[in-house]
Amino acid sequence: MANILIPSPFRQFTQNQAYFESSETSIQTALEALAQAFPDLRQQILDEKGHLQKYITVFVGEEDIQSLQGNETPLDVHSEVSIMPPLRGGAY
Amino acid sequence: MDTIQFSKAELERYSRHLILPDFTITGQRKLKAAKVLVVGSGGLGSPLLLYLTAAGVGTLGIVDFDVVDDSNLQRQVLFSVEDVGQPKVEAAKKRLQALNPHITIHTYPVPLSSDNAMELIQDYDVVADGTDNFPTRYLVNDACVLLGKPNVYASIFRYEGQASVFNYRNAEGVLGPNYRDLYPSPPPPDMVPNCAEGGVIGVLPGMLGTIQANEVIKVITGVGEPLSGRLFVFDAASFETRVLKIRRNEKNPLNGKNPSQHELIDYDQFCGLPHEKEIIDTDMKSITVSELKKYQDEGTAYQLIDVREPYEYEIVHINGELIPMGEIADQVDKIARDKPVIMQCRSGRRSADVIRMLEEKHGFDNLYNLEGGILAWAKEIDPSKPQY
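Going down the list, the sequences are from chains A and B. In case it helps, the numbering used here puts the first sequence at residues 1 to 92. In case it helps, the numbering used here puts the second sequence at residues 1001 to 1388.
Please keep in mind that the hints were generated in silico from the structure rather than gathered at the bench. One or more of the hints may lead you astray.
[Claimed, not checked] Where chain B lies over chain A, by a calculated footprint (3+ residues, C-beta under 8 Å):
hint, stretch
1, 20 to 27
2, 48 to 62
3, 68 to 79
[Claimed, not checked] Have a look at the derived ranges for each label pair, beta carbon to beta carbon:
hint, chain 1, residue 1, chain 2, residue 2, range
4, A, ASP40, B, HIS1102, 47 to 55 Å
5, B, PRO1189, A, ASN3, 27 to 35 Å
6, B, PHE1065, A, ASN3, 39 to 47 Å
7, A, ASP76, B, ALA1336, 52 to 60 Å
8, A, MET1, B, PRO1259, 36 to 44 Å
9, B, GLU1314, A, ASP40, 16 to 24 Å
10, A, MET1, B, SER1238, 17 to 25 Å
11, B, GLY1256, A, GLN69, 16 to 24 Å
Beta carbons are placed, not taken as given, at the ideal position from N, Cα and C, and that holds for glycine.
Using the sequences and the hints, build the whole thing.
Here it is as structure tokens:
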């Protein structure tokens, strides 16, 4: 099963769960499954049409999915998916 | 570079660098000749400035318009109790010059803006971004790209940190990616909270700020392989680290295939933040903390609802009815319609969002936002209440 890492800012929507395992075979369907499992997370990662929010960058392994096949990037049992929203903090 | 000389005191001070393979006096000369601008002297800026000062960077610039606050001391290790209330740049300069009198420090107690960024940054060789908001992050990035300066970046939230080196041109002349290649679009203003709202573990900026200092030193001296084209991600809770690849994006408006942006823009507007005038012009009803106190003293009928989280309520409260923001939609029946209802949070921002939602979706017309939230109450009405 592909392993999706939930970043710190989004764990408030996943009951503090840091990982989500999915048997889906593409980024699009895996993120849909994640949003279904945690409905409060949906609007953070997917827009109204179900597309990845523009401000989120997603990696499979080390690679940004935009340099792979975008939302259709395939996943396998060894895939590690990193959802990376921008982090704001620094000076505070 | 060979004209850069060191005094006996400096040679002794930097001796561990001078005997370090690959670094030697050549690296130390490059540090002494370098000018580094640090934007933000808070969580990240504190360790960053301390290490750059100790390392002997010849000229440091510090941009920060803020003053030292009690709540800074949990992680901003540049400052002490005696600095509370002082401008951060002044307190920082005093501490840093005490650490290393052989360097020059310039201070800029102003907000970095589209009006001053190009002028400020152009005098420096490297910029280190330790800011806390998206408009300034995009501003720093864009100014660095337009001026051809490397931007050493880090950001933090709760237990997680990121770092990278943007806009770095390597020895072969190849330019690396910048912040807009990683994040082409900013998030909506209400999506990603900052540390003042979401909290941060105090040592995390220490770790990330130190990594930034290391990358600044590598960029200046050419020692090692700077973190260009890579994003370092660290989760202090699980102690997981990842290094992800960042590639240049041909759609980058600054230096992609068809650049469309050749100057700085309005970054508040770009990030969807309302201008001050729009905030003032809002139709939302509000009440000041003095007016709320008067309500209490005169026995006026009202309902006070605190929309913060239970762990915030534990720190301080003013006897509001606790209904956390995320639960409001399910507890609408608890909100009175026959008397004024005052919504309160920490600073007045979340309560304003709650009022907007209740007015739009549930037709309330009796809601008032407590201006400045519980922070204003602690400042103006009851100083015995802690500010956080």
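Hint by hint, work out which the structure violates, then give me just those numbers in ascending order. Of the numbered hints given earlier, those the structure breaks are 1, 3, listed in rising order.
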